[in-house]
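Got chain V sorted already, so can you dock chain Z onto it with the hints?
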Amino acid sequence: MREEVVIGLEIHIQLMTKAKMFCHCSTDYIGKEPNTNTCPVCLGLPGSLPVLNKKVLEFAIRTAVALNCEINQVSRFHRKNYFYPDLPKAYQISQYDSPLGASGYMEISLPENKEKRRIRITRVHLEEDAGKLIHEGDIASSSYSLVDYNRCGIPLAEIVTEPDFRSPEEARIFLVKLRSIVQHLGVCDGNMEEGSMRCDANVSLRDAKSSTLGTKAEIKNMNSFKAVKKALQFEVDRQKKLLAEGIEIIQETRHWDESKSVTILMRSKEEAHDYRYFPEPDLLPLKVDLKMVEEIRRSLPELPEARRERFIKNYQIPEYDAEILTSSKALGDFYEKAASLYSHSKVLSNWIMGELMRYLNENKVEIEDSPISPEKLVGMLKLIDEGIVSGKMAKGIFEKMFKTGKDASKIVKESGITQITDKNELFAVIDIVIKENPRSVEDFSEGKEKALHYLVGQVMHYTKGRAKPGFVFEALKQRIKKI
Amino acid sequence: MTEKIITKKEVEYVAKLAKLEFNEEEKEEFTSQLNSILDYFKKLNELDTERVEPTAYVISMPNLLNEDKVKPSLPQDEVLFNSKYVKKGYFKVPKIM
Numbered sequence: 002m003r004e005e006v007v008i009g010l011e012i013h014i015q016l017m018t019k020a021k022m023f024c025h026c027s028t029d030y031i032g033k034e035p036n037t038n039t040c041p042v043c044l045g046l047p048g049s050l051p052v053l054n055k056k057v058l059e060f061a062i063r064t065a066v067a068l069n070c071e072i073n074q075v076s077r078f079h080r081k082n083y084f085y086p087d088l089p090k091a092y093q094i095s096q097y098d099s100p101l102g103a104s105g106y107m108e109i110s111l112p113e114n115k116e117k118r119r120i121r122i123t124r125v126h127l128e129e130d131a132g133k134l135i136h137e138g139d140i141a142s143s144s145y146s147l148v149d150y151n152r153c154g155i156p157l158a159e160i161v162t163e164p165d166f167r168s169p170e171e172a173r174i175f176l177v178k179l180r181s182i183v184q185h186l187g188v189c190d191g192n193m194e195e196g197s198m199r200c201d202a203n204v205s206l207r208d209a210k211s212s213t214l215g216t217k218a219e220i221k222n223m224n225s226f227k228a229v230k231k232a233l234q235f236e237v238d239r240q241k242k243l244l245a246e247g248i249e250i251i252q253e254t255r256h257w258d259e260s261k262s263v264t265i266l267m268r269s270k271e272e273a274h275d276y277r278y279f280p281e282p283d284l285l286p287l288k289v290d291l292k293m294v295e296e297i298r299r300s301l302p303e304l305p306e307a308r309r310e311r312f313i314k315n316y317q318i319p320e321y322d323a324e325i326l327t328s329s330k331a332l333g334d335f336y337e338k339a340a341s342l343y344s345h346s347k348v349l350s351n352w353i354m355g356e357l358m359r360y361l362n363e364n365k366v367e368i369e370d371s372p373i374s375p376e377k378l379v380g381m382l383k384l385i386d387e388g389i390v391s392g393k394m395a396k397g398i399f400e401k402m403f404k405t406g407k408d409a410s411k412i413v414k415e416s417g418i419t420q421i422t423d424k425n426e427l428f429a430v431i432d433i434v435i436k437e438n439p440r441s442v443e444d445f446s447e448g449k450e451k452a453l454h455y456l457v458g459q460v461m462h463y464t465k466g467r468a469k470p471g472f473v474f475e476a477l478k479q480r481i482k483k484i
Numbered sequence: 188m189t190e191k192i193i194t195k196k197e198v199e200y201v202a203k204l205a206k207l208e209f210n211e212e213e214k215e216e217f218t219s220q221l222n223s224i225l226d227y228f229k230k231l232n233e234l235d236t237e238r239v240e241p242t243a244y245v246i247s248m249p250n251l252l253n254e255d256k257v258k259p260s261l262p263q264d265e266v267l268f269n270s271k272y273v274k275k276g277y278f279k280v281p282k283i284m
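If you read the protein sequences in the order shown, they are chains V and Z.
Quick note: the first sequence uses the working numbering, first residue 2, plus one each step.
Quick note: the second sequence uses the working numbering, first residue 188, plus one each step.
So here's chain Z without its partners, still in its complex pose:
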């Protein structure tokens, strides 16, 4: 039996943030799946990380910088090409207040 790290409430919260809707059955399923994933990752706790810096990036190289130079932008028709909803050069989206 895996330890409950994630509750159904958290699944509902994350789903809401991601604007996803699930039925009760799905919520139960995801709760259990997320818990078993986290449980599996517990294996990492066996490692001694005492002398390891927290790692957000795996490559160590200095940050690259661009020169402050202007180059041409994309033409408007190419920018809008992939959108189904376009009006007067704008992207058209449902109203959000």
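Bound conformation, chain V alone:
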């Protein structure tokens, strides 16, 4: 029975250098007028020669070292030949039989059984990005494509894993962690939607007792973590269904269609490319100085795993919270900034992981662009601590802060939504509630604690959440006792 899922990933990350890989054009290409970010080198004009950007090499080594790879002291560039208009040279400069880094690994932890899994990294190599094709109007009916070479020559590190994933969820967990690592390394911003981090996957099924792999399908065009999980699950199900019907899997490349939630055939193996790799004659072999590698290894910044442990230790928050807060560099930075201003670190993580992340996700805003800064969040939490607003009111204030970017204190002042501190005003409401709910009052007198909670709720309702629940609770108890 072939039911063991086998998945391997190939991830491309755009390295955040200032200049492109082999020329001095800017890497800042998004949103630029087409073909304004190119030069003879990245356009592949005759007579131009590529020269490797030092920073590209440094960033790639940093990535490979962080993924526990061995660095090849001599690696080579190859030409990968294929005809497609996104490549003006008709070949891509890549690495083939001697990649920069090889034989690494990364550990992931699976939340459901606390198991740690070691995912082997086959290789980390350098290659240049290609241009972009734009289809005007309807793809099916349009007879031409438009080409923009601004992205040509953007440096990429390709990270290839061994087929070590046993489920789509494992692959997703790996990607989230990899993104956090490259963000902490400062080599890539890890934005899957914008394509600065891209992922292809090989999926196959095999008999759990067998060590040979089944025929695989390659899945492309997955533009978010969610899409990766959905696409891989679809593919696993598709293959299981075919095998159950006695149909063999064919090696092919499939395209994930996000809007229809299906994978579609792009090309079968018969049409697959023969890239005719050969050593790039325009670039000399890449000799890496071991001293440079050691220097990079020593100066590696704190990585997500170490940061998570530090969060648990320094802020006394649960492992679960620390894991989420270090799942992206910017989120960890946000938390640390806020925690430096506010000592209730668990209250802080609750608000960040709850309200803040919910609003960010709903509005598709990245944490870097959050209208609520760490300072503003802390300002609001202090209003709760001072008894000026209740926790419940704070949620409404939080929403206004998110929409307007204003300080909590300003919102409170403008709308007058402070907590009721006037006791007489509260007693008046409490008396009304007691009068209107004789049944609950009776229940409570007979010892039903739950009835009191209901009455507190009624007071909160009347005051639109502006009463302090603790005070109302005690006040109700005393009033009812007196009856």
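By construction, these hints were calculated from the structure, which means they are not laboratory data.
Treat the hints with care, since some could be wrong.
[To be verified] Calculated lysine-lysine pairs in the DSS-like style (CA-CA distance at most 30 Å, straight line): (1) V/Lys133 - Z/Lys271; (2) Z/Lys203 - Z/Lys214; (3) V/Lys449 - V/Lys469; (4) V/Lys133 - Z/Lys256; (5) V/Lys81 - Z/Lys282; (6) V/Lys133 - Z/Lys206; (7) V/Lys221 - Z/Lys279; (8) V/Lys19 - Z/Lys279; (9) V/Lys221 - Z/Lys282.
Predicted model only: the values in this text are computed from it and were never measured.
Okay, now just chain Z, sitting in the frame of chain V:
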């Protein structure tokens, strides 16, 4: 008579990869030509290369590296200057799916 290293099938395969089309006569001709070229290169086998490293590059010098500095790119009109088919700042090509 030269030994057949390259068959007609291989000529057809390479032609397909290079997006070239040949008639039967041409295919035969190229098969024979490629074989005689390879046959000529066999002369190299007479050399003793036991102690010679495989050579992909003939000059031995360290790789040169650029500083990570941005310099101006070409203006768009110069980039597009040599192309016959241009639209809204893009190169225009036949649709390829």
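Is it true that the CA of V/Lys133 sits at most 30 Å from the CA of Z/Lys206?
holds (22 Å)
Given pair status - Z/Lys282, V/Lys81, alpha carbons within 30 Å:
holds (22 Å)
Does Z/Lys279 lie within 30 Å of V/Lys19 when you go C-alpha to C-alpha?
Within the cut-off at roughly 29 Å; holds.
Take a quick look at whether V/Lys221 and Z/Lys282 sit within 30 Å of each other, Cα to Cα.
Answer holds: V/Lys221 to Z/Lys282 is near 20 Å, not above 30 Å.
Could you grab the alpha-carbon distance between Z/Lys203 and Z/Lys214 and see if it respects the 30 Å cut-off?
holds (12 Å)
Quick one, are V/Lys133 and Z/Lys271 close enough, alpha carbons at most 30 Å?
Holds: V/Lys133 and Z/Lys271 sit about 19 Å apart, inside 30 Å.
Can the restraint linking V/Lys221 and Z/Lys279 be considered satisfied, given a maximum Cα separation of 30 Å?
Roughly 25 Å separates the two Cα atoms, so the pair holds.
Restraint check for V/Lys133 with Z/Lys256, where alpha carbons must lie at most 30 Å apart:
holds (24 Å)
Has the given pair, V/Lys449 with V/Lys469, been kept, meaning a C-alpha gap of at most 30 Å?
holds (22 Å)
When held up to the earlier numbered hints, the structure conflicts with none and fits them all.
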